[in-house]
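A.B. asks: Sequence:
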Amino acid sequence: MNPYDSKNTLYQDTVIGSAEVVEHEPKILLECENTLEVNNHNAMRRLKFHDSNIVSGKGVSKEEIIRNLTHKEKEIAETRNVPVHLKDMFQNIAPGHSETEKDAIVDILNKYSDTFSKDETDLGRTSLIEFCIETGEAKPIKQPPRRVHMASAGEEKKLIDQMINQGIIQKSTSPWSSPLVLVLKKNGKVRACCDFRILNRATKPEAWPIPRIQDCLDTVAGGFIFSTFDLTSGFIRFPLEKRIFPKLHL
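The sequence shown begins at 1 in the numbering used here and counts up one residue at a time.
Don't take every hint at face value.
To be verified - Distance condition first, Cα-Cα at most 20 Å in a straight line; then the derived EDC-like pairs of lysine to aspartate or glutamate:
#1 Lys158 with Glu120
#2 Lys185 with Glu120
#3 Lys87 with Asp119
#4 Lys242 with Glu137
#5 Lys157 with Asp195
#6 Lys189 with Glu120
#7 Lys204 with Glu241
#8 Lys87 with Glu101
#9 Lys102 with Glu20
#10 Lys87 with Glu120
#11 Lys189 with Asp161
#12 Lys185 with Asp195
#13 Lys87 with Asp107
#14 Lys204 with Glu137
#15 Lys118 with Asp88
#16 Lys111 with Asp88
#17 Lys158 with Asp119
#18 Lys87 with Asp230
#19 Lys189 with Asp230
#20 Lys158 with Asp122
#21 Lys87 with Asp114
#22 Lys139 with Asp195
#23 Lys186 with Glu155
#24 Lys171 with Glu155
#25 Lys118 with Asp107
#26 Lys185 with Asp119
#27 Lys185 with Asp230
#28 Lys242 with Glu134
#29 Lys189 with Glu155
#30 Lys185 with Glu155
#31 Lys87 with Asp122
#32 Lys189 with Asp119
#33 Lys142 with Asp195
#34 Lys204 with Glu130
If you're looking for bench data, these hints aren't it; they were derived computationally from the structure.
Model, not experiment: these values are computed from the prediction.
Let's have the full structure, built from the sequences with the hints guiding it.
C.D. replies: Have a look at this one:
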């Protein structure tokens with residue numbers, strides 16, 4: 001049922017609302033909301049109406065509609081012992097679950113709280129493997145540093161200091177050297193990278209079998225709950241063998 005003049009497409013598994021127990025007599029949305037406000041038709045939000053301004057059959061102004069997207073969920077998180085850096089996650093999970101299920105979710109988040117980064121500078125490191133680069137009898141390759149635009153000079157020093165403090169890099173002296181490159185990310189921030197192309201040419205390649213996509217899909221056949229994890233700075237979670245430290249000098 002579409003009560004508006006404009007057409008709307010609902011795709012499979014689209015959530016168009018949630019049912020909640022209310023203490024007072026509910027007000028019909030169409031009698032309270034301005035149907036000419038297009039933004040009200042395509043956004044998921046929570047509306048709070050002033051009872052004194054509601055007139056049955058008439059719309060109300062945009063200023064009279066108080067939108068509060070996550071107020072209830074924040075109240076839920078504040079009443080439970082949820083780690084600060086996981087409150088947003090809990091607020092996304094909590095709606096639609098019973099109180100018992102929410103308590104179980106809180107227990108899981110507390111148990112594995114150290115598994116999740118507290119911020120972009122909170123990095124972990126695997127202890128299962130050390131990364132190695134084999135160059136055989138290749139002579140050391142030393143490239144001069146690249147010039148950095150004056151506008152980015154301060155950002156470059158800031159990134160280097162940050163990586164030193166995080167234990168990602170350390171001060172060193174080496175006959176090997178590759179230039180540092182600053183790359184602009186989609187969010188406008190700067191990422192520090194290194195141009196290892198010449199070093200890669202001297203590196204002995206390793207062959208790894210690539211799994212077939214169909215085999216991967218077959219392993220999850222019949223599943224209905226799928227989880228994904230996005231590592232914070234995942235490429236720098238692998239420690240290096242100490243003997244190859246000189247080759248990755250910046």
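A.B. asks: Would you list, in rising numerical order, the hints stated earlier that this structure does not obey?
C.D. replies: Checked against the structure, no hint fails, so every one of them is satisfied.
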